[in-house]
Amino acid sequence: MKYIDEYRDNDQVQRLIEAINNAVVNSWSIMEICGGQTHSIARYGIDNMLPDKISLLHGPGCPVCVTPTYIIDSAIEIALQPHVIMTSFGDMMRVPGSKLDLLGAKAKGADVRILYSTLDAVDLAEKNPDKEVVFFAVGFETTTPLHLTAIKEASRRKVNNFSIITSLFTVPAAIDAILSEADCKVDGFLAAGHVCAVMVYHEYHDISR
Amino acid sequence: MCLAIPGKIISIDNSVPDLKMAKVDFGGMMKNVCIQWIDANIGDYILAHAGMAISTVNEEYAKETLMDFEKLADSDE
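These protein sequence lines are chains P and W, in that order.
Letter by letter, the first sequence follows residues 1 to 209 in this note's numbering.
Letter by letter, the second sequence follows residues 1 to 77 in this note's numbering.
Simulated from the structure, these hints should not be mistaken for laboratory data.
One thing to keep in mind: the hints can contain errors.
As a list, the in silico DSS-like pairs of lysine-lysine whose alpha-carbon atoms are at most 25 Å apart [claimed, not checked]:
| # | chain 1 | residue 1 | chain 2 | residue 2 |
| --- | --- | --- | --- | --- |
| 1 | P | K127 | W | K63 |
| 2 | W | K20 | P | K127 |
| 3 | P | K53 | W | K71 |
| 4 | P | K152 | W | K63 |
| 5 | P | K152 | W | K31 |
| 6 | W | K8 | W | K71 |
| 7 | W | K71 | P | K158 |
| 8 | W | K23 | P | K127 |
| 9 | W | K23 | P | K152 |
Stretches of chain W that chain P covers, calculated by requiring three or more beta carbons in the stretch to come under 8 Å of a beta carbon on chain P [what the hints assert, rightly or not]:
| # | segment |
| --- | --- |
| 10 | 8-15 |
| 11 | 26-38 |
| 12 | 42-52 |
Even for Gly, the Cβ is constructed at its ideal location relative to N, Cα and C.
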């Protein structure tokens, strides 16, 4: 099994589109939750292949989109302290606070660094004992275990100059919030794949009912 | 951060308690990935998300998904 070729069978895709066309009688608004889904839909032109009666709406599953401005402002304020190394995922660097983004703080002299993983921040703290290494921990059910693993590892190694600032969310709560809006026009959700890889799908039964 | 990337486990480091790490090959690029929260062995493919494996890439599930696609494609409903 090659895992990619099997999913790109042109004949099967055409038959699936035809089956969807036959099944869709009424108009449907479907919200995708995950930024990765939005990326795939745009990259492979999936929105153009679907019947006109299906509208795809972009949902709240990208940490970059749902991190509140006041938390970004706090991260920037901390980053501008002279003894701090502020770290986060690359995606967070250009997300605007009320006045600046993290790259703007870097331009003002802050030590801001992009890391691939929260665990890398623990290594960085260990190598820089005279600095406070702060990780701006954003995300959903997918990144939360990683942030907690890093805290546990820092504690095990007795690294006392590592801390995190959090902006973490759960996806079912975000879906509930959307559905509770009086003018909600969403008929269905494309559940977040990576979050389901971590949490499985049992939490979504109640929502679908 | 949003995108998970599949890679193959080359070696596993169990030396740190409760922090199982693996050297993972992403098409020629090697990275250390935390595999503490999944059950995986050398040679397995995993999905890495922000430095942590969130799932194994499992042939059985992949085949089930493809069979589900097949059922949907053949559906007249």
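Quick check: do three or more residues in the segment 8-15 of chain W have a beta carbon closer than 8 Å to a beta carbon of chain P? violated (count 0)
Please verify the coverage claim for the segment 42-52 of chain W: does it have three or more residues whose C-beta sits within 8 Å of some C-beta in chain P? Our answer is that it holds, as 6 residues pass the Cβ test (under 8 Å) against chain P, meeting three.
Are the Cα positions of K152/P and K31/W separated by 25 Å at most? OK: K152/P and K31/W at ~21 Å, within 25 Å.
25 Å limit on alpha-carbon distance, applied to hinted pair K23/W and K127/P: holds (22 Å)
Holds or violated: K8/W to K71/W, with C-alpha atoms at most 25 Å apart: The hint is violated at about 30 Å.
Check of the segment 26-38 of chain W against chain P for coverage (Cβ-Cβ below 8 Å, three residues minimum): holds (count 4)
Check the hint pairing K53/P with K71/W against an upper bound of 25 Å on the C-alpha distance. Given pair K53/P, K71/W holds - Cα atoms ~23 Å apart, limit 25 Å.
Quickly compare the C-alpha distance for K152/P and K63/W to 25 Å and report which way the hint goes. violated (37 Å)
Taking 25 Å as the top limit, are the C-alpha atoms of K71/W and K158/P close enough? violated (54 Å)
Distance restraint between K20/W and K127/P, which requires alpha-carbon spacing of 25 Å or less: holds (22 Å)
Between K127/P and K63/W, does the CA-CA distance stay at or below 25 Å? violated (46 Å)
Would the hint linking K23/W and K152/P be met if the CA-CA limit is 25 Å? holds (21 Å)
The structure shown violates the earlier hints numbered 1, 4, 6, 7, 10.
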